[in-house]
Amino acid sequence: MATTATLTLTSADIAGDPVNVSKTATLTKAGGTSNMDQSTGLNRVHLRETTNVVLLGAVAGGNDLAGKVYIINKATDPTLYITVTINAQIIGKLYAGQWLFMPWSQTDTAADIEIAATNWSSTTGDIPVEYCLFHEDTKILPDA
Amino acid sequence: MPTTTATIALSSDATDSALSVSNTATFFKAGSGTSGMDTMTSVSKVLESLNQVDLLAYTAAAGATHNFLYINNPSTDVTEYFRIGLGTASGSTSPQETEEIGRLYGGDWMLIPYGAADANSDVMITPSVATAMTVEYMLFN
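Each protein sequence line maps, in turn, to chains Y and R.
Sequential numbering of the first sequence, starting at 1, is according to the numbering used here.
Sequential numbering of the second sequence, starting at 1, is according to the numbering used here.
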């Protein structure tokens, strides 16, 4: 049983020489080689909230355990973005087609991952967001 | 305008039906579907203490733009990790973390949009051991 995440980062022209980064991480439990064995599976929501809503709720048992979060903004309008925060601290904005992949510590129960369709309006249409969590915490029921 | 793309391929058999996800993001400037990010910083650092340090300091200029940040822990020791957080440096020797995002163990990488939203948005990093851990990062904007 294994979960892998491979990044291919390329640019032919952002610098004088091409940029090519390829990196594969095997998702394991914290500090060991045992494979991460729990997942929410891939989820899809249609976001129209301009204020933060909880995407993944932190639990106390998750602290010191490994977790990896994948979020993608599936909108096609390049002006539409979602704002991703952790414990109300802004991480950044994902515009249409952009994604993030990051570890998630759940250092305390306030470390929720929240998203907002910050510039949504009734004329823009919903912003489809897909996300997935891989983790090792047996106490978490990560459906927010 | 430059074109920079980031493709993720996620593969998992943690669930009974295997998961396979592949998506490519193009690093456009904020709100543009045509204007690519055109600035890149690429750094490799060796950290030799347990001190929390400022990996990226907030700047108003960064906050006014759209950024992507890649961080890699190239260690082959899976017990070694970096704590990655957002916070502010309250002094030269005692930076304060506001919020930990997560831990990057040996072999792990992360890619996030970096909002640099305010003065509490420095990217902070803390090694788990003091024996010369290397961190690599790239910032696009």
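Possibly wrong hints are sitting among the right ones.
Dumping the calculated DSS-like pairs for lysine-lysine here, alpha-carbon to alpha-carbon at most 30 angstroms [said to hold, decoys possible]:
| # | chain 1 | residue 1 | chain 2 | residue 2 |
| --- | --- | --- | --- | --- |
| 1 | R | K45 | Y | K29 |
| 2 | R | K29 | Y | K23 |
| 3 | Y | K23 | Y | K74 |
| 4 | R | K29 | R | K45 |
| 5 | R | K45 | Y | K74 |
| 6 | R | K29 | Y | K29 |
| 7 | Y | K139 | Y | K29 |
The set of hints was computed from the structure by calculation and includes no laboratory data.
Going through the hints against the structure:
1. Between R:K45 and Y:K29, the direct Cα distance comes to roughly 26 angstroms. Compliance with the 30 angstroms bound is thereby established for this hinted pair.
2. Our distance criterion of 30 angstroms between C-alpha atoms is met by R:K29 and Y:K23, whose separation comes to about 24 angstroms.
3. A hinted pair counts as satisfied when its Cα atoms are at most 30 angstroms apart, and Y:K23 with Y:K74 qualifies at roughly 24 angstroms.
4. Distance hint between R:K29 and R:K45 is fulfilled; the C-alpha atoms sit about 27 angstroms from each other, no more than 30 angstroms.
5. A threshold of 30 angstroms between alpha carbons decides the hint, and for R:K45 with Y:K74 the separation of about 34 angstroms lies outside it, so the pair is violated.
6. For the proposed pair R:K29 and Y:K29, the alpha carbon gap of about 36 angstroms is over 30 angstroms, so the pair is violated.
7. Of the supplied pair hints, the one linking Y:K139 and Y:K29 holds, its CA atoms being roughly 15 angstroms apart against a limit of 30 angstroms.
Checked against the numbered hints above, the structure violates hints 5 and 6; every other hint is satisfied.
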